[in-house]
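J.: For the record, the sequence lines run as chains A and B.
Going by my numbering, the first residue of the first sequence is number 1, and it counts up by one from there.
Going by my numbering, the first residue of the second sequence is number 1001, and it counts up by one from there.
Derived from the structure by calculation, the hints contain no laboratory data.
One or more of the hints may lead you astray.
Chain A is faced by these chain B residues, among others (derived, beta-carbon under 8 Å) [claimed, not checked]: (1) 1022; (2) 1024; (3) 1254; (4) 1256; (5) 1267.
Ideal Cβ positions, reconstructed from N, Cα and C, are used throughout, including at glycine.
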Amino acid sequence: MASTTTTRPRPGPDRPKAGVSAHRRGLRPDRTREGLAGYIFLSPWLLGLMGITAIPMLMSLYLSFTDYDILSTWSEIEWVGLANYRRMFGDDPSYWHAVQVTATFALIAVPLKLAAALGVALLLNRERRGVGLFRGLFYLPSLLGGSVALAIVWLNIFNRDGAFNGFLGLFGIEGEPWANDPDWALETLMVLAIWQFGAPMVIFLAGLKQVPTELYEAASVDGAGPVRKFLSITLPMLSPVIFFNLVLETINGFQGFTSAFVLSGGTGGPVDSTLMYTLNLYIKGFTDYEMGYASAMAWVFLVFIGVITVVLFSTGRFWVHYSDGDDNS
Amino acid sequence: MRRFVWHAVIVGLLLVLLYPLVWLVAMSFKPAEEIVSSLSLLPKKVVLGNYAEVFEGTGGIPVWRFFGNSLIVAVLSVIGNVISCTLAAYAFARLRFRLRGPLFALMLATIMLPAHVVLIPQYTIFNNLELIDTFVPLALPKFLATDAFFIFLIVQFMRGLPDELADAARIDGCGAVRSFTHVVLPLSRPALVTTAIFTFIWTWNDFLSQLIYLNTPEKYTLPLALRLFIDQTSESSYGPMFAMSVLTLLPIGLFFLAFQRLIVDGVSTTGMGGT
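Modelling step: build the complete structure from the supplied sequences, incorporating the hints.
T.: Below, the structure written as structure tokens:
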């Protein structure tokens, strides 16, 4: 995750420090005390790791092989083997539909969002008056975007009588009832996601600041134009940051929930057109109370996210360029 | 001239980008019949009636109740995250113990873990403890440092602190605890402030966990109350819905105004997302 932080030589405690060793010998008992202190400081986190993360994960793995619903007591839970998984892959059309909706969403929205982020970052990457303020304002949608209030705004702007159609009307175009139209509801969600390009933009800007200006100067001397400079310097130098943003946004993209929930009134509608994976999971688990089945869906989701991450990382080797050594500029 | 073009392009983009927010604020001051009939942005007549109606409450529950609930959850989360993540970060960044390496790797792995995987069993556990419809399932995980992202953020910051101070404290006979409270903690304030701000904003915007754990309208937070609004909304109550949306976003807007630089710098130095 640290790809955008400047790499500092780690002043961590493992580095041997001259002059301390003699001192340290005298403190031998303290080393065990320090170890103990380490675990004490970590204890809230360890407790959370066990109680909030690890045990629930194992439980959900177990539940995914059962017909659990919230009403059944532990003794009533029935082991159903692979039935939930078979149902998921075999005869639940809504499951595959949700997979398709989610994949479409991520495949289109993520690249467009990153392109917008990079484009605006390039525009803002210069010393001009007000650039700090502009950067902040472009980031603002990212702060607000995940909220219910924003989904309400979207629902009303992209409506038959909404402001967007009013705008199209100026050009004599008659728009659709976007958010309520099965053919366009998912696109409306995508626009909301792309609208929040501020977070990756800020990260791109930090990356652009790290590109040594000498490279551009040398290229200018060699007679390279702006396009050439962008393709041969900016893109390769920025590729680790692009990669970082791509991984992060892809994983986020698959998990979109709130806007899909609010825009569709919690149903994934109209006609299941916005049935994102996580929304489908919520409906199965908390509306239909098929919690065993929903747990199976959650585990497949986890594996899927893992696979996507691995795939991204393995393709990354071919296009991500890491400059050698630490550039502690 | 190039500067002028640059400024024109930026301002143009910002106008498009921020239009939905301006639109929302404008609508919240329009009378009901104008919201439906007119597409113009500026209200012909600015009315405060929508806000007055919001303050009358929803379904017999005054709006400050929802505000209060959201505030309680957010403040508890901030306190929980700042305390628990700082403690864990100090151990990872500054203390030596045998399992530090593997545990640190495990912590990093949990950052990427989708919340949905543990949703149902967590719900089951809190249900068995009869804690559904309380704020405990929302706040307790924060006191147990489950937002591992912030641990990582603070670790990065603490590793960057000059060693000399901590070493001096050691030589003066400070143990791990005193070196934490007297040296590392005061110096780590910027990272803690960033943690607090982002925890507040993310909790304030959070929807999924509040939706799952809170059932009775008296316990509802703002996002849940807003959703209630959409469900019952006929065209006549659009105005209050917009007004309430504005009120919901207002605290984040204020945070943004006050901490704009800090927030954006926080994002760019840590690479954290915004959603």
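J.: None of the hints should be skipped; say for each whether it holds.
T.: So, going through the hints one by one against the coordinates:
no.	hint	result
1	1022	violated, 10 Å
2	1024	holds, 5 Å
3	1254	violated, 12 Å
4	1256	holds, 6 Å
5	1267	holds, 5 Å
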